[in-house]
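> Chain by chain, the residues:
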Amino acid sequence: MITVYHYMILSAIIFSIGTFGVLTRKNAIVIFMCIELMLNAVNLTFIALSRHLQNMDGQIFVFFVMTVAAAEAAVGLALIIAFYRNRESIDTDDFNMLKW
Amino acid sequence: MLSILFYLFATVAIFSAFYVTKARSPVNSALCLVTTFICFAVFYIMLDAPFMAAIQIMVYAGAIMVLIVFVIMLLNLGTVAKKRYTHGLAWGGALSILMLLVTNFFIRRSIPTGTVGDVTTQTIHNYGHTELIGRALFTDFLLPFEIASILLLVAIIGAVILSKREV
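Read top to bottom, the protein sequences are chains A and B. Here the first sequence is numbered in the working numbering, starting from 1 and rising by one per residue. Here the second sequence is numbered in the working numbering, starting from 1 and rising by one per residue.
None of these hints come from the bench; they were simulated from the model. Certain hints may be false.
Dumping the calculated DSBU-like pairs for lysine-lysine here, alpha-carbon to alpha-carbon at most 30 Å [unchecked claim]:
{"no.": "1", "chain 1": "B", "residue 1": "K164", "chain 2": "A", "residue 2": "K26"}
{"no.": "2", "chain 1": "A", "residue 1": "K99", "chain 2": "B", "residue 2": "K164"}
{"no.": "3", "chain 1": "B", "residue 1": "K22", "chain 2": "A", "residue 2": "K26"}
{"no.": "4", "chain 1": "A", "residue 1": "K99", "chain 2": "B", "residue 2": "K22"}
One side only, chain A facing chain B, incomplete, derived with CB under 10 Å [to be verified]:
{"no.": "5", "residue": "F20"}
{"no.": "6", "residue": "R25"}
{"no.": "7", "residue": "M97"}
{"no.": "8", "residue": "K99"}
Quick caveat, the model's predicted, so the values are computed rather than measured. Just so it is clear, CB atoms sit at the ideal spot from N, CA and C, and this is done for glycine as well.
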């Protein structure tokens with residue numbers, strides 16, 4: 001029998017993997033993909049708990065998380081392209097223009 | 001039967017998610033991310049949320065991943081050279097394992113309770129999941145829905161302005 005705990009443990013594992021990727025990778029696009037992974041892990045928790053509590057609100061939250069993720073993808077990738085145009089690189093070690 | 005399906009897809013999701021963080025080439029990461037998203041869509045179907053599964057496939061595996069793969073190809077990113085052992089890897093791994101342990105501890109000792117609503121499996125089968133989502137979205141959550149449309153408009157304008165050659 002699959003309970004809500006299974007889904008929450010799975011989502012915690014995926015979230016931790018996403019955190020690991022964000023903390024260790026240098027490529028900005030891979031970091032971006034790991035952030036998407038973390039957002040998805042949270043979505044899974046929302047839907048599992050919404051099912052467990054027999055309430056629709058959690059799934060509406062997932063809807064809005066997806067909207068924000070789409071907006072974030074558009075703006076974030078535009079930023080990455082603008083940065084690549086200036087520096088010829090998307091390595092996060094080169095993101096130091098505001099440092100003095 | 002459902003348990004076997006769950007464990008199978010959970011294993012695939014975890015391994016492909018891990019490969020997203022470890023793949024040398026960003027294109028491989030993107031393909032593994034699509035695999036993870038499809039596994040998540042299967043979980044949503046198992047949780048009686050078929051509309052969310054469809055949206056997951058269309059928005060995440062369709063729109064967002066196409067955007068990411070486009071950018072990867074546009075920038076012509078090669079594979080990174082194998083790095084030697086770094087402190088960042090150790091700290092990142094330690095921190096994420098610590099986070100996993102803490103979340104597991106709290107999930108195991110707590111009971112998820114709250115206001116129990118009236119959406120049972122029977123209701124979902126009677127009305128359909130999409131109708132329930134639509135009803136909630138256009139009555140209780142109308143203002144957030146409109147704000148989300150403004151957010152998308154702002155994102156479109158921002159993306160267009162940022163990717164122009166002369167900012």
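> Decide, hint by hint, whether the structure agrees.
Hint-by-hint comparison with the structure:
{"no.": "1", "hint": "K164(B) / K26(A)", "in the structure": "26 Å, holds"}
{"no.": "2", "hint": "K99(A) / K164(B)", "in the structure": "25 Å, holds"}
{"no.": "3", "hint": "K22(B) / K26(A)", "in the structure": "11 Å, holds"}
{"no.": "4", "hint": "K99(A) / K22(B)", "in the structure": "29 Å, holds"}
{"no.": "5", "hint": "F20", "in the structure": "4 Å, holds"}
{"no.": "6", "hint": "R25", "in the structure": "7 Å, holds"}
{"no.": "7", "hint": "M97", "in the structure": "14 Å, violated"}
{"no.": "8", "hint": "K99", "in the structure": "18 Å, violated"}
Checked against the numbered hints listed earlier, the structure breaks hints 7, 8; every other hint is satisfied.
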